[in-house]
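Participant: Take these sequences, add in the hints, and give me the full structure.
In case you want the letters, here they are:
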Amino acid sequence: MRVTEGTNYDTIRDSIQRSRSRMENLQQQTATLKKLNTPSDDPVGSAKVLEVRTDRMNNDQFQMNAKLAETFLNNTDHALEELSNILVRAKEIAIGQASGARANDDTRLAVAEEVSQLYQQAVATANRRIGERYIFGGYKTNKPPLDNEGRYTGDNGHMMSEIAKGIFLSMNVPGIEVFNTNPQASEDARSEIYRNNTQGERQQNRTLASADESTPERSEAENVNLFQELQNLRIGLLSGDTGGIQNTLERFDQMHAKVVSERAKIGARVAGLQTTTQSLERHTITNAQLTSQLEDADMAQVVSDLAKEETVFRSSLQSSHKLIQPTLLDFLK
Amino acid sequence: MAIPNIFRTGMSGMMASKTAVATTGHNISNANTEGYSRQRVQQETTTPQIGSGRNILGTGVQPARTERVNDEYLEKHIRNGVRDLSNFEEKDTALRQIEDIFNEMNGEGLNRLMSRFFNEFRKLSNEPDSEAVRQSVREASQAIVNDFHRLRNEVVEVRKHIDSRIEGYSKEINTATEEIRDLNIKIQQAEATGVSPNDLLDKRDKALKNLATYMDIAAHKDNKGHYSVDVRGVGPLVVGPNAEKFSVERTPADQDGKGENSVDLRTSASAHGNVTHGLKGGKLGALLEVRDQMLTTILDRLDTMAYSLSEAVNDVHAEGYTRTGQKGIAFFAPMSGKDRAAEFLQLSDDVKTNINNIATAAIPDAPGDNRIALAIAGLQDHRILNDGRANFDEFYNSIVSDVGVATQRNKAGISQQKDIMTQLNKMRDQISGVSIDEETANLLQFQQTYGASAKVIQVADEMLKTVLDLKR
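Read top to bottom, the protein sequences are chains A and B. Heads up: the first sequence begins at 1 in our numbering, then just goes up one per residue. Heads up: the second sequence begins at 334 in our numbering, then just goes up one per residue.
Think of the hints as simulated: they come from the structure by calculation, not from any bench. Honestly, I wouldn't trust all of these hints.
[Unchecked claim] Heads up, simulated SDA-like pairs for lysine to any residue below, C-alpha to C-alpha not over 25 Å straight-line:
#1 B/K351 with B/K759
#2 B/K744 with A/R18
#3 B/K744 with A/Q293
#4 A/K67 with B/L446
#5 A/K322 with B/K759
#6 B/K542 with B/K613
#7 A/K165 with B/K542
Facilitator: Below, the structure written as structure tokens:
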């Protein structure tokens with residue numbers, strides 16, 4: 001093979017260039033600590049990184065949603081606990097005043113005042129707020145869901161919170177569902193202010209997430225309203241109608257059972273929420289690992305590659321020195 | 334055989350050696366000249382003389398011709414190699430620019446902004462009655478609008494940049510074409526006198542190689558002896574002493590992906606003039622491919638995405654009631670179609686002027702109703718693009734990975750083509766390159782012959798002297 005000086009120099013230039021460009025790439029990796037600096041470094045990997053990144057942002061948001069829903073549910077639970085205490089106290093009074101042993105008109109009048117207080121307390125609890133939002137108002141979060149006559153002015157809207165991709169959970173309990181043992185048969189449901197709005201909407205727009213917990217229950221059963229019942233008790237006490245007082249006992253039991261069952265539902269939701277949050281947290285860790293695997297440079301590898309490349313570079317310089325040989329001319333003196 | 338004839342024989346040897354030394358010198362001094370082919374003097378004996386008796390005496394040597402050592406087939410290969418390498422390299426420049434636009438490995442980009450957009454709606458669904466969240470929903474939406482504008486603008490900028498490069502290249506092509514035409518004329522004149530114009534031929538090869546970096550060309554000699562250069566897919570560019578000219582013209586968009594106001598290439602040869610979509614290979618081929626296929630596809634996908642986003646969000650949003658109880662309000666300003674949608678995408682005036690016009694409720698007078706906000710956030714996972722096969726994230730990410738794949742494949746192409754070129758250049762060097770060692774050895778050889786031929790004259794001189802001395 002005929003080898004000319006031109007070939008020699010080209011080879012030298014070429015090998016130095018190649019070595020330098022490899023070093024440049026490795027140096028960029030050490031500078032950014034990433035092996036994925038442009039999409040072309042790994043097109044499939046970089047699309048995956050973007051996907052995981054979106055996932056991560058969404059998960060962060062879902063976790064925030066879950067936190068908020070939990071706060072909301074816990075506050076609702078506290079309020080329901082208060083209502084349940086009120087009911088227990090009201091029942092105690094009813095039991096005490098219904099039988100004639102220690103009760104008379106005077107004692108009844110005295111405790112009527114306490115029942116009045118209980119009523120006020122119940123209304124205040126029903127109108128509980130978080131920030132500016134009334135928790136029992138359904139979608140009507142901007143005004144008290146209960147007026148002074150104990151009428152419900154909210155609706156039965158469930159505010160759904162997305163706590164994981166595609167998983168929705170109601171973060172509130174509309175007052176109508178706790179204040180009545182049978183909401184469908186209640187006067188609230190018949191009132192003009194109240195609007196049942198979860199029906200039909202779902203069909204109208206499939207993309208809307210709507211409540212699925214408002215299934216009718218015991219529709220033929222007689223309804224008991226918490227506030228009405230307290231009023232009944234008070235009136236019974238004031239008028240000395242022991243029969244009427246007796247009647248409230250059974251109803252308070254029903255009402256109390258209703259509140260307890262609502263609290264159980266809330267407890268179940270919070271538990272589900274926590275499970276979901278935990279799995280989201282695990283998912284976040286897996287995501288972080290995946291991202292790191294995809295885009296982080298393996299520093300040990302990079303540094304050792306760089307050292308290796310440096311050796312290659314040095315030896316190519318060294319050999320270039322040999323390649324630029326003396327020509328025949330050097331020996332013709 | 335007369336003694337004076339020996340003088341002449343010696344002379345011819347000296348002359349021939351001198352020519353050979355001169356050529357060797359020419360080779361050495363052109364050792365680094367690009368495109369130079371080493372030259373060699375072909376020597377032959379002069380016409381012999383009938384001597385006394387049965388002898389036929391040689392009368393010396395003469396340089397027959399100086400030829401260049403060159404493999405035409407290899408030159409053609411190199412031309413094609415250079416064409417492909419230039420194509421890859423030119424594409425690389427453009428692709429890197431595009432890749433930069435979509436690179437969000439180390440920063441913000443549409444992918445992130447889009448996640449933010451949908452998550453802001455999730456925040457809004459948590460607190461549909463909060464003023465602050467509405468504010469940040471609008472900001473996130475404005476950010477996404479701005480990024481659509483940025484992306485489209487930058488892609489259009491790349492297209493403009495490509496156009497100006499095409500324009501520059503068309504001028505360079507004209508210069509190269511003229512050079513070849515001028516060389517054709519000179520070479521034809523020289524060849525008419527019977528000599529081989531080696532250096533001119535080298536120059537023409539070099540000019541052809543230069544021309545091949547721009548597009549796919551083929552050179553051949555036609556039946557009239559005219560050396561012609563054809564542009565494949567277009568037609569003749571140089572025919573003997575005639576050359577065509579390239580020019581550019583800004584024209585409206587066409588069916589083959591050329592954008593509005595991008596340049597068309599024309600030649601003075603072709604009947605209808607427009608050769609834009611006939612050109613393949615080389616730098617021009619690369620630029621045209623990136624401009625008319627890649628960029629056009631990317632712009633189309635951005636527009637599709639912007640339009641689908643605006644339509645999808647508006648569809649849901651119009652179902653909802655605003656804080657003031659209005660229904661049917663658009664979130665994004667409605668657009669007539671997807672044409673340049675990424676450029677025209679805007680928030681609707683209603684939303685721009687008042688954040689309370691962002692609808693969250695599916696029923697009026699229900700500030701806690703978050704169903705519309707939830708539905709808009711839910712659009713993130715709806716496969717509404719690509720005939721129901723991709724959601725917004727997947728659609729956008731596929732643009733990014735497509736650009737990445739094209740750039741990566743092209744990078745691989747460059748390194749492969751570089752290897753091929755190294756090999757071809759080595760082969761050419763093997764044949765046509767100047768080796769200093771070889772030339773030095775030749776130099777010595779010819780110098781010795783020169784000296785020896787002089788010696789012949791000296792001997793003849795002494796012989797003649799001997800003859801003349803006989804008389805004394």
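Participant: A separate judgement is required for each hint: does it hold in the structure or not?
Facilitator: So, going through the hints one by one against the coordinates:
1. B/K351 with B/K759: Violated, because 31 Å separates the two Cα atoms, which is more than 25 Å.
2. B/K744 with A/R18: At roughly 14 Å apart (the allowed maximum being 25 Å), A/R18 and B/K744 satisfy the hint.
3. B/K744 with A/Q293: Roughly 24 Å separates the two Cα atoms, so the pair holds.
4. A/K67 with B/L446: 23 Å, holds
5. A/K322 with B/K759: 19 Å, holds
6. B/K542 with B/K613: Holds, at about 16 Å.
7. A/K165 with B/K542: 59 Å, violated
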